[in-house]
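A.B. asks: Since the structure of chain A is already known, use the hints to place chain B on it.
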Amino acid sequence: MKLTIPEEELMGHGNLSCQGCWGSLAMRYALKALGKDTIAVIPACCWSVIDGPFPYSCLKIPVFHTAFETAASAASGVSAAMKIKGKKTTVLAWAGDGGTFDIGIQALSGASERGDNIIYICYDNEAYMNTGIQRSSATPYGAWTTTTPGKKFKSAPKKNMVEIMIAHKIPYTATACIAYPEDFIKKVKKAKGFQGTKYIQVLAPCPTGWRYDPAKTIEVSKAAVDSGIYPLYEVENGVYKINKKVKNKTVKEYIKMQGRFSHLTDEIIDEMQKNVDREWELLLRKEEFYGHTKK
Amino acid sequence: MVKKVVTGNYAASYGAKASRAEVVAAYPITPQTQVVEKIASFVANNEMDAEYIKVESEHSAMAACVGASAAGCRAYTATSAQGLALMHEMLHWAANARLPVVMANVNRAMGPPWTVWTDQNDSLSQRDTGWLQFYCENSQEVFDTTIQAYKICEKISLPGMVVLDAFILSHTSEPVEIYEQDRIDKFLPKYAPRYKLDPSETHAFGGLTTPEWYYELRYKIQSAMDEGLKEIESVGKEFGKMFGRKYGLIEKYRCDDIDTLLVMSGSTASTGKEVIDRLRDNGERIGLARMRVFRPFPKQEMRKLAEDVNKIIVVDRNISFGNEGIFFSEIKSALYNENIDVPIYGFVAGLGGRDITMKDIEGMIKKAEGKPGDIIWWGLK
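Chains A and B, in that order, give the protein sequences. Sequential numbering from 1 applies to the first sequence in my numbering. Sequential numbering from 1001 applies to the second sequence in my numbering.
Isolated chain B (complex conformation):
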């Protein structure tokens, strides 16, 4: 094992290399650019045995990944914001064709106005495409999750998105453990799909399908997502045994014996953890749930957490216009039919990369009193 000081972006590149991605098709976009630059240099230096297609757009990037994956290859791409939005049609295609493409998405706010800083609206807008979504807290997790994502996605035949915050993660260097390749190979064997484009066994993929069968095909995607919940946990556990870092659906930080639950995702959760430490030291009964997985949504886990508290505070670095913060909505909907009657406060903060500081988080916790509204804007000028 070697420890390298790398950015979140390079952690994604190393993750693709460690996963032995065979076809990479990508288009540069700030702040993802270094992911593909690094992969280009890996391929050029024969450090990575892959075909790198330097496509002319993100739409073509995902189309090429879809084609390569259908032909039985492990396919990889990376993008951000506008690029992800341009891919949208092909995100559906990858999922509906049941292809385990894995990509990194660097969370960047959508324009206009032009912006390159972080928020989650780009990836969360792809909520219903059938992609698994993992939100990473640090560079190590980006590397680890890329490898796990292939294993999970290839098992359930759905694509997966590894998400990291623009700049805060993408451009910040920190130590990342890069495990020995033979151990990674043992954890993640070669991709061997049951069906692929192969002239010795001819099939037509994605042909016109009438209402007689379409409905069942969609049911199967939902079933695969359900299976995904279990798979994410078991793969995360196996990863822990092998490499010393265990992963799951929701990371529970100091959640024992609490009456208030703070819910965050991405790198902001690190700031949240600092706040939790400070408040716990002052005797407050508060813990943090870091949402690592957004799709499939970990409803059961969230219900279990919610049952034992009398207040939930959700910090969303995103917004569904006309409604509210997206994690906030999803959490509420997971609880409603279970009669878990706990007040939930939904804060929208840090859009377009505005800092969410410890002071902000402490302020939100203080403000979460009385009848919770639908949406609470934090720090609005």
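With the rest of the complex left out, here is chain A:
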């Protein structure tokens, strides 16, 4: 089978990511989809480091490093500049889950409500990985992090950022997973076709923080999708579409691959399974309801 991934490389080999970093691979694929006429705005996140120290940059596009909570607002400024100068350049805000779900949510909500013309991609590794694995509101229930240690594992569920973005009625929202690069690339390309704020949240597992062998990333990522924990879906002008409608793995199979969940009892895992089943069912119903009424 021939892959449809574009050959153009806008990310160089010399970068400072950890071994087996999937946040860096996400950027590589995103830029393949967006092409050279792109400006990246990157707040504090792993990518502040990955890009390379001054005077180097591993990206072959302009990069503006900005403060933690300003991915969307600084990108709004760049986007306004492109508009007034009559340029079609894509403005990409590229942030981690901490910069998106937590500290940057206000600026992102503001930009989305205004409809500023940016593509916002959150590479979601489910914790503050750049500072060394502290919980974020993207960290799933039950996970160990350095700030949710031992018996004090994370007791709150993961914030549903995707639905928050959909609620802003932006033209395009999608989830993606790095184990399905063609789906991710397709979505990034699709986002480029819309005016306004577009949001893509791509699951980019962090072997360092999730406690598994980097060689297993594809397996772990696929299990996140196949168990229904991280469903692949997109919402285009209010119309839901689930991109991979299979749910053939259990929560247990997914979490047993990762050290961050190693302390969980079967009872807790059963409870998690029930929650995932319910969320999945809800998503199916949303697709059924919103997938037709808008057409």
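It is worth saying that the hints were derived from the structure and are not from the lab. Please note that the accuracy of each hint is not assured.
[Unchecked claim] Here are the simulated distance ranges between beta carbons:
#1 B:E1037 with A:E236: 17 to 25 Å
#2 B:T1210 with A:G86: 32 to 40 Å
#3 A:A215 with B:E1037: 54 to 62 Å
#4 B:S1041 with A:K169: 40 to 48 Å
#5 A:K36 with B:S1223: 33 to 41 Å
#6 A:E288 with B:E1037: 40 to 48 Å
#7 A:E236 with B:D1128: 43 to 51 Å
#8 B:R1194 with A:E279: 47 to 55 Å
[As the list claims (entries may be wrong)] The calculated DSS-like cross-link candidates involving lysine-lysine, where the alpha carbons are at most 27 Å apart (straight line), are:
#9 A:K83 with B:K1186
#10 A:K85 with B:K1299
#11 A:K2 with A:K192
#12 A:K189 with B:K1196
#13 A:K88 with B:K1054
#14 A:K60 with B:K1196
#15 B:K1241 with B:K1155
#16 A:K32 with B:K1299
#17 B:K1237 with A:K87
#18 A:K87 with B:K1155
#19 A:K190 with A:K83
#20 A:K88 with B:K1190
#21 A:K87 with B:K1190
#22 B:K1299 with B:K1220
#23 B:K1237 with B:K1004
#24 A:K192 with B:K1196
#25 A:K83 with B:K1054
#26 A:K87 with A:K36
#27 A:K216 with A:K159
#28 A:K36 with A:K190
#29 A:K2 with A:K159
#30 A:K192 with A:K88
#31 A:K85 with B:K1196
#32 A:K245 with A:K286
Computed from a predicted structure; not experimentally measured. Ideal Cβ placement from N, Cα and C applies to all residues, glycine included.
C.D. replies: Here is chain B on its own, set in the frame of chain A:
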């Protein structure tokens, strides 16, 4: 040229329009609100060719200005007090990224308790962010300084803050000369930065920098500030030639043949000038130095003034808690190593917008006798 009767706030809006700001990102706050309302109407009526981003906070306002400026646009915002404090992180970002964003800050006291009236603690708290700071005396100066600030800031690649007093200036209408746009365009050509976010010439801006280079980058900001001192004077002179109003670092009002120097800033200096006139008429040898520029601090100019007097009285509408009035501190520190041994009296007055009247100023001048203390509170109940 047209003469318009406008408030200090509208003078700021007209200044942004005359400077052809291309991206405006702002959030309303009392007493700055009219600045952004007017700009909104300029943009809506196509009187101003700009993108106005109606951001959800001041932090985002400055972030958006930073992004727009990095992408090569002339960016503008305006704020006050709490809004300026919220911007603080991005004020550093703008300066450290060497972006010539220009903003108006309407001096309003910081809460709590809630207050909307003037003092300078909001802007002076941003002293070390790397922004140029201009303190205006009247609406004309707000308009003129906005235009000059872009020219100065774009030359030295640092941002600039045009400061005006809440209500006393922001809401008081007075005649302002609005010069012909083609003459302003000649004075202030289009912004054309050497480096910007441009896919045809890719750079990474603000990436991780080790101790090997960070130190030198900070040295360059200080060098730019030094250059700024000269630039403020030469741009102020050029402005004078072109539009008839000359500006500099310190305005010297009746400073010839004096033995006492009164130092003030902002609109209060106007009241000070009245007092000087009255005292000079009575034969007293006193003049006024109005501090127009706080950053970069005009040390040399201040030394020159201090050398020729035997008493300096500084009126601060601000306080650095745990120390004293801020202008007072800065002036003393400028003189110390030069062995200029002149007694300096530091009054703190008018915080939170309490009036500083002619009678108050006359009282301070009378009180400035004997050994000067560290801080003198004026009119404390």
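A.B. asks: When the structure is checked against the list of hints, which entries are broken? Sort them ascending.
C.D. replies: 1, 4, 10, 16, 17, 29
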